[in-house]
Amino acid sequence: MNAPVLIDTNSIAMALKNFVRALQVSNYSLKGLISTRPATNFGFLPPFDPEAKPKVEFEVIKSPEVWKYVDRVLPPKLIPVPRPREEYHSDWRPPTADPKQLPYYIPRNKNLMTPVYLIIRKRGTQRITRIRHVKGDIFAMEADLRKYIKEQTGRELGMRVDEFCGHISIRGDFVYHVKNWLEEKGF
Amino acid sequence: MIGQRLLFISLRAGRKFSTEAAEIIEKSSDFALRAATRFPVANVGKRTLPFLDGYDPPKQAWVESFDTVEEVKLGIMDLHPAVFGAMPRIDLIRENVKWQQLYRFVSYAHTRVRSEMPGGGRKPWPQKGMGRARHGSIRSPLFKGGGISHGPRSPTPHFYMLPFAQRVMGLLSTLSIKLAQDDLHIVPNLDIPTEDPEFLEDVVRTRNWGISVLIVDVDDIMPRNITVASDAINHINLMPVYGLNVYSMLKHETLVLTMAAVEKIEERLLYQLHRSDAMCKEKKFKVNQV
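Top line first, the protein sequences correspond to chains R and F. Final position of the first sequence in the working numbering is 244; the numbers increase by one with none missing. Final position of the second sequence in the working numbering is 481; the numbers increase by one with none missing.
It should be emphasised that the hints constitute simulated quantities derived from the structure, not laboratory data. Positions of the beta carbon are idealized from the N, C-alpha and C atoms, including for glycine. Do not rely on the hints blindly, as some may be mistaken.
What the hints assert, rightly or not - Listed next, the stretches of chain F that the computed footprint assigns to chain R, with coverage defined by at least 3 CB atoms under 8 Å from CB atoms of chain R:
(1) 343-350
(2) 363-377
Said to hold, decoys possible - With a straight-line cut-off of 16 Å between C-alpha atoms, the simulated EDC-like cross-links for lysine to aspartate or glutamate are:
(3) R/Lys134 / F/Glu458
(4) R/Lys157 / F/Asp247
(5) R/Lys157 / F/Asp244
(6) R/Lys134 / F/Asp468
(7) R/Lys192 / F/Glu389
(8) R/Lys167 / F/Glu454
(9) F/Lys264 / F/Asp422
My request is simple: use the sequences and hints to build the entire structure.
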């Protein structure tokens with residue numbers, strides 16, 4: 058009881074021809090089109106081909122011996138601490154102060170620098186020198202620092218002590234003197 | 192004066208301070224023996240703490256047993272001063288709590304503007320000749336029953352990102368405050384002998400822990416007994432280290448950490464304090480970036 062099926066061979070041939078032409082025009086590979094992945098072709102990207110060979114040939118190895126060279130190139134996760142030297146090639150010095158010597162202590166920040174910062178506000182007209190992370194008797198440190206800068210510059214300072222946050226703020230740009238004083242004390 | 196104040200606080204809170212109430216049960220002679228037999232003491236006592244600046248000595252806390260109702264002191268654990276002895280920046284704690292409440296808050300308060308109100312298309316009265324003010328619509332914001340201009344519009348998300356350093360400092364401050372206020376307790380592990388909730392209640396009552404207790408371990412899959420026991424009690428909650436946050440620590444009065452959790456918290460927080468790429472943590476949330 059099979060009904061005769063009429064096949065228009067001519068139209069099928071035309072459809073195939075158009076299909077192949079479309080493939081050629083859009084420069085798609087047949088493999089990419091008939092893969093099971095969703096067809097997300099953005100036009101400017103070549104279709105994804107999981108079996109395509111990479112342009113650069115490489116070899117996958119698992120060896121700790123070789124990995125140490127990779128590790129050397131990767132950026133360090135923590136700030137590296139420089140090893141102690143006889144002579145340093147920059148102005149940076151490690152802290153030398155005994156933490157218990159003075160009633161106050163200023164540790165280095167995580168970048169191993171002294172925590173002295175210049176804050177510029179009010180369109181550059183207000184300059185504040187700020188020392189952070191002061192531990193211990195912050196008022197004793199303020200007195201010492203005030204005396205030192207008075208000797209150096211002959212100026213009376215406007216200073217503010219924030220004991221809660223461990224900050225000392227000086228009105229004006231005294232970063233140079235503060236850093237010198239900290240270096241003198243060995244912080 | 193201070194004593195009276197403390198007494199008042201303790202009465203109001205319904206509990207005594209454990210420094211007043213608890214006595215060291217152990218005699219010093221058999222202390223080491225008990226500690227050694229009860230659990231491996233490798234981590235108790237001297238720990239090598241990284242990133243010490245030499246000024247702050249390590250903080251110390253008792254390690255207590257968790258499988259007995261009575262408190263048995265097993266040893267003393269060194270804690271990193273940068274994590275458990277930080278300056279209690281209550282301003283940053285407030286910022287953290289505010290942020291935790293706001294970043295998931297969406298305001299659904301809503302008002303309609305004049306174009307969203309029905310009607311109002313007809314001029315209510317002629318422009319001139321009536322002796323009345325000129326108006327073009329009864330839904331004008333000047334009218335009673337008119338639209339609201341600049342009112343709240345729904346949904347309004349309040350998401351923002353707190354700066355990374357403030358998030359870290361909030362955790363440090365809260366942990367330090369918990370330790371300083373005698374609300375932080377360290378236990379070797381979370382193995383308790385029974386899954387009866389009454390046991391946990393007894394532990395909390397006997398040791399004068401706060402009514403609400405937050406128990407923190409490294410893994411998020413905890414032993415069965417404590418899971419079942421705490422499941423029935425609403426104010427005793429379990430949390431893995433990766434979920435530890437300022438709001439929950441303040442929500443619960445007592446914080447109970449396992450020794451492994453202490454080490455993990457210290458390791459993670461010290462890493463966050465000293466990592467070289469901390470700037471990258473905020474890059475994603477910068478507004479108005481090109």
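Exercise for the section: Could you check the structure against the hints above and give me the numbers of any it violates, in ascending order? Expected result: 1, 2, 7, 8, 9
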